[in-house]
Structure formats: structure tokens, C-alpha cells
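Chains as they are written, first to last, in numbering that gives the first Met the number 0: chain H, 0 to 758; chain A, 0 to 160.
Think of the hints as simulated: they come from the structure by calculation, not from any bench.
Do not take every clue at face value.
Claimed, not checked - Which residues of chain H face chain A? A partial, calculated answer using Cβ under 10 Å:
1. Gln73
2. Val248
3. Ala666
4. Leu676
5. Gln694
6. Val715
7. Ser717
8. Gly718
Every residue gets a Cβ at the ideal spot worked out from N, C-alpha and C, and that includes glycine.
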Amino acid sequence: MSRAGTIARRTFLIAAGVVGGGMLVGAGVVATRLHRIDGFRLDAGPGETSFGAWLKLGSDGRVEVAVPHQDMGQGIYALAALLVANELGLSPDRVRPVQAPIHARFANPVMLLDGLPFENEGVLQRAAYWSFEKILRAVGIQATGGSTSTRNIAEPLRAAAAAMRDMLARAAAAHFATTVERLKFVDGAVLAPDGKRATFAELADAAAKLPPRDIALAPLAPDGLIGKGAPRADVAPKARGQAAYAIDVREKGQLYAAILHAPRLGAKLKSARLPGEAPSVRGLVEGADYVAVVAESYAIAAAALDRLQLAWDETNALAVSTKDVFAACRAALDRGADYRKRWVQETKGDVRNAAGAQITAVYSAPFLAHMTMEPINATALVTDIGAKVWAGTQSPQLAQMAAAAAAGVDTAKVEIVTPYLGGGFGRRADVGFVAKAVEIARKFKGVPVQTIWSRAQDMRDDVLRPAALADLSATLDANGLPATLVYRVATPSIVDQFVARVMPRAVGGLMADRTALDGALRSFYGVPNVSLEHFAVDTGVPVGFWRSVGFSLNCFFLESFVDELAAAAKAKPLDYRTRLLAVSDNSRAAKRAWRVLETMARFDVAEPLEAPREGGRVGRGFALTEPFHSFVGMTADVEVTGSDIRVRRVHAVVDCGLAIDPQNVIAQVRGGVNFGLSAALHGRIDFENGAIVQQNFDSYPLVTLADAPRIAVDIVNSGADIGGVGEIGVPAVAPAVANAVFAATGQRLRAMPFQLART
Amino acid sequence: MTVEFNLNGRKVAAVGAPQSPLLWALRDELGMVGVKFGCGAGLCGACTVIVDGAQTRACQTSLADIAGKNIATIEGLSGPVFEAVVAGWTRAQAPQCGYCQPGFVTAATSVIAADQNATPESVLAQLTNICRCGTYDAIRDAVGLALETLRADARKAGGAK
Numbered sequence: 000m001s002r003a004g005t006i007a008r009r010t011f012l013i014a015a016g017v018v019g020g021g022m023l024v025g026a027g028v029v030a031t032r033l034h035r036i037d038g039f040r041l042d043a044g045p046g047e048t049s050f051g052a053w054l055k056l057g058s059d060g061r062v063e064v065a066v067p068h069q070d071m072g073q074g075i076y077a078l079a080a081l082l083v084a085n086e087l088g089l090s091p092d093r094v095r096p097v098q099a100p101i102h103a104r105f106a107n108p109v110m111l112l113d114g115l116p117f118e119n120e121g122v123l124q125r126a127a128y129w130s131f132e133k134i135l136r137a138v139g140i141q142a143t144g145g146s147t148s149t150r151n152i153a154e155p156l157r158a159a160a161a162a163m164r165d166m167l168a169r170a171a172a173a174h175f176a177t178t179v180e181r182l183k184f185v186d187g188a189v190l191a192p193d194g195k196r197a198t199f200a201e202l203a204d205a206a207a208k209l210p211p212r213d214i215a216l217a218p219l220a221p222d223g224l225i226g227k228g229a230p231r232a233d234v235a236p237k238a239r240g241q242a243a244y245a246i247d248v249r250e251k252g253q254l255y256a257a258i259l260h261a262p263r264l265g266a267k268l269k270s271a272r273l274p275g276e277a278p279s280v281r282g283l284v285e286g287a288d289y290v291a292v293v294a295e296s297y298a299i300a301a302a303a304l305d306r307l308q309l310a311w312d313e314t315n316a317l318a319v320s321t322k323d324v325f326a327a328c329r330a331a332l333d334r335g336a337d338y339r340k341r342w343v344q345e346t347k348g349d350v351r352n353a354a355g356a357q358i359t360a361v362y363s364a365p366f367l368a369h370m371t372m373e374p375i376n377a378t379a380l381v382t383d384i385g386a387k388v389w390a391g392t393q394s395p396q397l398a399q400m401a402a403a404a405a406a407g408v409d410t411a412k413v414e415i416v417t418p419y420l421g422g423g424f425g426r427r428a429d430v431g432f433v434a435k436a437v438e439i440a441r442k443f444k445g446v447p448v449q450t451i452w453s454r455a456q457d458m459r460d461d462v463l464r465p466a467a468l469a470d471l472s473a474t475l476d477a478n479g480l481p482a483t484l485v486y487r488v489a490t491p492s493i494v495d496q497f498v499a500r501v502m503p504r505a506v507g508g509l510m511a512d513r514t515a516l517d518g519a520l521r522s523f524y525g526v527p528n529v530s531l532e533h534f535a536v537d538t539g540v541p542v543g544f545w546r547s548v549g550f551s552l553n554c555f556f557l558e559s560f561v562d563e564l565a566a567a568a569k570a571k572p573l574d575y576r577t578r579l580l581a582v583s584d585n586s587r588a589a590k591r592a593w594r595v596l597e598t599m600a601r602f603d604v605a606e607p608l609e610a611p612r613e614g615g616r617v618g619r620g621f622a623l624t625e626p627f628h629s630f631v632g633m634t635a636d637v638e639v640t641g642s643d644i645r646v647r648r649v650h651a652v653v654d655c656g657l658a659i660d661p662q663n664v665i666a667q668v669r670g671g672v673n674f675g676l677s678a679a680l681h682g683r684i685d686f687e688n689g690a691i692v693q694q695n696f697d698s699y700p701l702v703t704l705a706d707a708p709r710i711a712v713d714i715v716n717s718g719a720d721i722g723g724v725g726e727i728g729v730p731a732v733a734p735a736v737a738n739a740v741f742a743a744t745g746q747r748l749r750a751m752p753f754q755l756a757r758t
Numbered sequence: 000m001t002v003e004f005n006l007n008g009r010k011v012a013a014v015g016a017p018q019s020p021l022l023w024a025l026r027d028e029l030g031m032v033g034v035k036f037g038c039g040a041g042l043c044g045a046c047t048v049i050v051d052g053a054q055t056r057a058c059q060t061s062l063a064d065i066a067g068k069n070i071a072t073i074e075g076l077s078g079p080v081f082e083a084v085v086a087g088w089t090r091a092q093a094p095q096c097g098y099c100q101p102g103f104v105t106a107a108t109s110v111i112a113a114d115q116n117a118t119p120e121s122v123l124a125q126l127t128n129i130c131r132c133g134t135y136d137a138i139r140d141a142v143g144l145a146l147e148t149l150r151a152d153a154r155k156a157g158g159a160k
């Protein structure tokens with residue numbers, strides 16, 4: 000096994016060990032590795048000066064920052080430039096973000112820590128958390144996801160920039176024979192008290208020779224560009240069509256491949272033949288469950304693909320249909336405590352203390368595709384000793400391992416280039432597509448081959464947002480507040496499948512999959528007796544991460560159900576939530592949620608629901624969520640005409656701790672709302688006899704310019720630790736819209752996508 | 000077959016089957032990778048180009064259809080309308096992942112160039128592209144800003160006369 004493969008497997012085993020209580024396992028190894036990691040420095044090219052792991056001074060006088068995260072539209076490149084520029088007193092356009100090399104120095108422990116099935120509270124949990132942080136930093140995975148990019152790199156980047164500033168200042172002080180305190184930093188130069196100046200480039204050599212010092216950082220707070228933001232440098236090139244994506248890679252002698260998978264999941268390729276003449280076709284590649292045509296242009300490859308005579312071996316093909324998936328979920332829930340893969344992830348009090356009126360509801364949500372605008376693709380150049388791969392991947396390190404295995408070369412000999420991602424949303428966290436592109440290119444050694452998935456193939460080969468079925472039940476006390484909440488959700492475990500795909504030899508199912516209950520766990524509402532259970536149901540349909548994934552399911556289920564409880568208690572939805580916060584035993588969260596709710600209540604008074612048009616009925620609905628350590632409240636105004644639901648207006652209130660770049664926070668939240676709305680109103684992936692039904696944007700419609708609501712975003716930051724931003728706009732919109740439809744029509748929508756009975 | 004047409008003001012030739020989509024000739028043969036592949040079915044607009052002034056989906060246009068025609072791609076757009084559109088897009092910070100944006104900008108340029116006095120609503124109604132990042136509010140702002148810029152320029156030009 001390759002070195003990185005061993006490391007990743009070790010991560011898993013060590014992780015399992017820690018959970019089992021063996022917290023000292025690998026402590027010595029970890030300490031040694033951390034020491035080595037902390038000594039990492041970027042290589043300096045001709046005319047460049049390295050300032051450690053994160054920063055370089057380029058030959059053009061610009062500061063170069065190594066960004067370990069991929070930019071898929073969340074704006075992490077611009078944010079990295081902003082943070083560094085702010086410390087160095089530069090304009091952000093003087094800082095150039097570049098892809099960081101694949102190295103343990105750039106691991107993302109935050110993403111994995113967020114997945115731990117316990118909180119960083121309590122003595123034992125804190126100790127485990129602390130150990131995990133060290134271990135995950137030592138052997139962890141370099142990846143982008145879970146709304147963690149800024150949380151992962153803000154502090155190290157600020158520290159690196161502060162250290163570089165200190166080195167430049169000391170070099171300048173020596174140069175001008177003065178003290179550091181008397182110097183000023185002005186746009187790429189250091190100014191002496193007498194007005195003499197030295198540019199960073201002039202000081203670089205002397206500065207880089209000085210030993211770096213640890214500079215005490217002030218807590219992240221509004222200061223300079225932080226809290227104010229700056230225009231993103233990638234915007235103009237993207238508008239002009241000059242930004243390059245993986246699909247735009249054009250290497251000398253490049254060939255193009257079109258790929259086709261077995262129509263049914265689990266079927267294998269038996270034979271493939273291209274009849275007749277095809278002079279520009281360079282060959283067929285037969286994969287386990289796919290065939291690819293390689294040709295001099297994609298048009299030729301795709302046309303030849305349509306003419307192939309194919310036979311599939313369907314011995315092990317799945318026969319699953321949508322109704323079977325929900326039937327399997329129903330069976331698991333009905334089995335109850337006897338179900339083998341049942342994880343009770345939170346209990347509080349005793350849910351058998353149920354008295355008073357019982358309210359139950361069944362909620363569901365379908366499989367969903369990602370539909371990144373840039374269809375899945377990758378370009379690979381394989382030689383006898385190594386490989387170079389251009390791929391829009393959120394997991395460059397896993398991509399490197401997958402490419403190495405597919406090319407039959409050492410992991411260290413694989414270079415992964417990640418241009419801008421034309422959308423990620425979790426789709427590009429999975430690296431199966433990289434392995435296939437490399438397998439195909441391996442048949443054409445020394446020639447770069449770009450494999451493109453057609454939209455239908457992109458959907459067929461997707462790892463879907465899991466479908467889910469949930470039984471919710473509560474009893475209300477004399478005041479109409481819930482005394483008990485039993486929340487049981489049946490849905491596939493993403494983590495089990497992901498681990499199995501990445502590490503086929505790892506033992507799956509050792510840890511609870513927190514994503515299955517994200518959005519329901521540790522609610523800020525006060526309910527004394529709670530049981531939250533996940534029934535892991537695997538129907539063979541591949542599932543994966545998806546923008547806000549578990550939150551997109553559970554916030555819909557829970558926040559709609561809270562609305563049902565409010566209705567049963569004959570309380571107004573906002574008032575009822577206020578009362579639920581007042582009895583919370585999680586006071587820190589409840590306080591933040593309260594401020595969000597308060598802003599929603601003020602909006603409700605200041606901006607009342609607009610009157611309906613002729614024949615329509617209007618309603619306003621609310622939802623309150625805590626995704627990715629941020630708080631989001633949402634108000635949706637809908638107009639229902641017949642069975643048509645039109646969302647006219649959305650108001651979001653956001654507390655993400657601190658908005659480093661408020662304009663981008665607003666943009667991300669608005670984008671998330673439209674993403675969530677597409678799921679609420681339209682999104683569904685179905686299967687018939689193991690084959691996917693939907694094929695393109697006509698059968699999988701998305702919200703468009705014509706029907707996207709006006710979305711206003713209020714940022715009410717609490718100053719808490721920074722939370723996630725990229726996914727937080729998604730979860731609240733579905734329940735807010737469902738609750739608004741209830742307010743308008745009295746119909747309760749418990750299944751996504753929403754379908755209203757005509758009344 | 001070989002098809003000759005004008006691409007961004009230059010005479011070019013593309014080779015391919017008559018029914019082969021213009022999109023791939025532009026991307027693979029002629030180097031115009033600003034024209035994006037999104038759906039291959041005319042649904043998303045990522046591949047929007049301008050054919051004799053009209054916004055057109057390159058994935059639904061065959062080589063046989065474009066002989067002798069004038070094709071403009073994002074790479075070849077210039078002039079006050081295009082610059083106003085790009086400036087609007089930039090000021091509104093519209094792109095996120097950015098993949099669909101050249102299609103939007105091309106479509107907006109074509110629609111506004113046809114009628115600079117159009118209202119923002121009528122321009123927006125003609126933009127049927129899809130953005131998965133959900134940048135629609137920013138695109139509304141961008142179109143408004145572009146039209147404002149063009150109107151201000153027209154007033155200035157009028158005042159200078």
C-alpha cells in the first residue's frame with residue numbers, strides 16, 4: 000500500500016482507537032510527526048523568497064499565499080488574500096492565492112472534528128477532542144467541505160502573516176538603524192521615521208534569514224478589512240470567461256473521452272464494440288461498470304459512444320426502485336430497538352415520561368443530485384513512473400491516492416492540479432471520477448486524456464444526498480410545550496459508504512454517522528426528555544455529502560414539526576419558539592438563537608406580508624436553525640395559486656460569529672437559499688429497477704432567475720467563534736416555506752419536494 | 000464537412016459532421032473555452048454565444064446551421080455594452096463558482112445591445128440561464144447597474160453635443 004494510503008488507514012485506526020478509550024495510542028508518533036509538519040517550508044523558485052509554510056514573496060513583489068482549500072465559489076481564495084493583506088498592510092490585490100501543495104501541513108482537522116459524534120464539552124470528551132485534534136493534524140486529510148475552510152485557515156494564515164511582518168520589520172529596523180516600533184507598513188513597503196522607504200522585495204533576503212518569532216495575535220475581530228471585506232479578485236475574470244476550470248485544460252496532444260456507465264447500478268460491462276469506420280476514434284476503454292470512447296475531440300467521442308454495441312452483465316445489478324428505498328426505511332423504523340444498525344445519538348431524561356396529548360408525524364425527503372454547473376470531468380497524463388491530474392476535486396489528497404492506485408504508480412509521483420471548481424457542493428469530495436479518468440488515460444501513456452461526463456452520466460455516477468424517512472413524536476405538557484421528543488430517522492450512512500469507497504479494506508460502521516442527525520442534535524430548544532435515533536439503511540444506492548447534507552434533511556423535519564406543535568398548542572410560531580428558547584438548558588446556544596429570533600420578530604412587524612394577487616393565498620413561515628456553528632433564522636413569504644407554490648420573498652437573519660467579508664456572507668446565504676429552494680420545490684432522484692430516472696435539468700429542474708425570490712440577509716453577529724458560511728443558507732428555507740404554505744392553506748407539507756393538493 | 004464562418008470578427012473553418020454541435024467545435028477545435036458545456040440539451044445556457052446578434056445555445060446549434068454566419072463568443076465581446084455588463088457584474092460581485100457566468104454575460108450583452116433602453120425587467124426576462132450557486136439576486140443588481148451605466152454614458156454623450 001502507498002504511503003498516503005497507509006497514513007489514511009492509520010488515521011482511521013487511530014481514530015477508532017481513541018473512541019475505544021485508547022487515547023495514548025500513537026502519541027509518540029503523533030508528536031514526532033507534528034514536529035516535522037511544523038518545520039515545513041514552501042519551496043522558493045527563482046527570484047522568490049519563502050517565508051515558511053504559507054507565504055512567499057514572489058519575484059513580482061507580490062505576496063503569494065498557499066491556500067490548502069479549493070475555491071468552488073465560496074470565495075476562500077479571496078478570503079485568504081484578505082486575511083494576509085490585512086496583517087501586512089497591503090491591498091488584497093497585491094496578494095496572490097495559489098493552490099497549496101499536498102502535505103500534512105495543510106490537513107483540515109476541523110472538518111473531521113465536526114464529524115465526531117460527541118461535543119467538545121465535559122472532561123473526557125475534551126480530552127478526546129484534544130487528542131483527536133493533534134492526531135488529525137498529524138495524519139489528517141487535506142480537503143474542502145463542511146463549511147470549514149475559513150475556520151481551518153484563518154488563524155494559521157494570520158499567524159504566518161504576522162510572523163512575516165515581524166521579520167520584515169526587523170530587517171527594516173536594521174537597514175534604517177531604527178527600532179521596529181517606529182516603522183510603518185504602507186502598501187508593500189516599510190517606511191522609516193525620516194520618510195525613507197524599503198520595499199518588501201528589497202527587504203526579503205535579509206528578512207527571510209531572521210528566525211521567525213511567534214507573534215501574539217489579537218482575537219479575530221473587526222479591524223481594517225476584517226468585518227469590512229474587499230472586492231474579490233476572481234470576479235472580473237470569471238465574468239469575462241477568463242477563469243479556467245478543469246474542463247478547460249488544453250494540453251499539447253490532448254485526447255478526449257466520453258464515458259457511459261451501465262444503466263443499472265451494480266451491473267458490469269460484458270462487451271463493447273464500435274461498428275463501422277471511425278478514423279478519429281483512438282480506442283475504447285472497458286472499465287468494470289463503464290465504457291469510454293477516446294477520440295481526437297469530445298464531439299467525435301460522444302457521437303461514437305452513441306453508436307456502441309454494448310452488453311452488460313446484470314447478474315449483480317440492483318433492482319431497487321424509489322418505493323423500495325422508503326419501504327426499507329419504514330421496515331427499519333418499525334423494527335425499532337431490534338434493528339441492527341441503530342445509533343442512539345442523544346438521550347436526555349426519559350422519553351417514557353410521556354403524558355398528555357401525543358403528536359406524531361412522518362416526514363420524508365428523496366435522493367438528490369448535485370448538478371454542479373461544470374459536469375464532472377478530469378484530465379490525466381499517465382507515464383510509467385507517475386501521473387499528473389487536473390481535476391476539480393474537493394479532496395486533493397484522496398484524489399492523489401486514487402490516481403496513484405489507478406495509474407499503478409507511487410502516490411508521491413502523482414501531481415494533482417486543482418483549477419477553479421465549477422461548483423462542488425460535496426460532489427467533488429468523492430474521488431471515484433478521478434480514478435476512472437486515470438484508468439482511461441493509463442491506456443494512452445504519455446498522452447493527456449480529458450474525460451467528460453455528459454450531464455446524464457454526471458447524474459448517473461453521482462453520489463446522492465441520501466433519501467430519508469423520519470418518525471417524529473412529541474407529547475405536550477400543560478403549557479403546550481413539548482415534554483418529550485422522540486426523533487427517529489432512517490437514512491443511509493454517508494460516512495460508512497465514503498470510508499468504504501476510499502478505503503475498501505477498512506471496517507465500516509464503527510462510528511455513528513453524525514451527519515444523519517445534524518440539525519436535530521443538541522437543539523437549542525428546551526425539551527426535557529429526548530431521544531434521537533439514526534437507523535442506517537443501505538439500499539445500495541451510492542450516497543455522499545451534499546451542500547449542508549444532514550441539516551438539509553433534519554432542519555426540515557424538526558422545524559416543520561415544531562410548527563406543528565405550535566399549531567397544536569394554539570400558539571403563534573414565533574412566540575412558540577421564543578417560549579421553547581426560554582426553557583432551554585443550552586443557554587449559550589439559546590442566547591444566540593434568541594437574538595436571531597428577535598430580529599425575525601422585528602422584521603415580521605416592520606415588513607408585513609404583502610397582499611395576494613387575484614386568486615392567490617399568501618402566508619408567512621419561519622424556521623430557526625444552527626448549521627455549522629452559525630445560527631440562521633428564515634422568514635419566507637409564499638403565494639399559493641391552485642397547487643402552485645410561489646416563494647415571493649425570503650428574509651434571512653445570520654449570526655456566523657464574525658462576518659470577515661459581509662458581502663460574501665450575504666452572497667453565500669442567498670445562494671444557499673436558492674439551493675435549498677430547488678430541493679424543496681423540485682428536487683428528486685428516483686430509481687426504477689436499479690436505474691436512475693432523471694437525466695438532465697428538464698427532469699431535475701432548479702430555481703431560475705424568473706422564479707428565484709428576492710432574498711434579504713441581515714447579519715447580527717454575536718462575536719462568538721467564527722462559524723461556517725458556505726452551506727448555512729440551505730437548511731432553513733424548506734421548513735420556512737412549508738410553514739408558510741401551512742399558514743396560507745392549512746395544508747401541512749411533510750415530504751420534499753413539495754406537492755400541494757389542489758383545493 | 001468543413002464549415003466556414005466568422006468567429007469574433009475572423010474568418011475560421013471548422014471540420015466535423017454536419018449535425019455536430021457548434022459547442023465542441025468552439026471548445027476543442029477553435030480554443031474558445033469561455034463557452035461552457037453544462038447540459039448539452041439547451042437547458043442551462045452555459046454555452047450561450049451570439050449568432051448574428053441573437054443569443055444562441057451553442058450545444059443546440061449544428062455546424063451545418065452556421066455556415067457564413069457571424070458568431071461572437073465571450074472571448075470576442077468588446078465595446079461599451081459588454082464593458083458596462085462586465086462592470087455591473089463586477090460591482091455586484093455576481094460570480095461565485097463562476098462557471099455559468101460567461102453564458103449569462105454573453106446573453107445579457109446580446110439582449111442589452113439589441114435595446115439599450117430596455118427595462119431591467121425585460122432584460123432579466125430574457126435571461127433563461129441556470130446558476131447552481133444561486134447568484135440570481137446579484138445578477139439582478141448587475142443588470143440594473145449595467146443599464147444605469149449605459150444610460151449615464153448616453154446622457155453624457157448627449158450633453159456633450
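Verification of the hints:
1. Gln73: holds (7 Å)
2. Val248: holds (9 Å)
3. Ala666: Since the shortest Cβ distance to chain A is 6 Å, the answer is holds.
4. Leu676: Where the cut-off is 10 Å and the nearest Cβ of chain A is about 8 Å from Leu676/H, the hint holds.
5. Gln694: holds (9 Å)
6. Val715: Where the cut-off is 10 Å and the nearest Cβ of chain A is about 20 Å from Val715/H, the hint is violated.
7. Ser717: violated (25 Å)
8. Gly718: violated (25 Å)
In summary, the numbered hints that this structure violates are 6, 7, 8.
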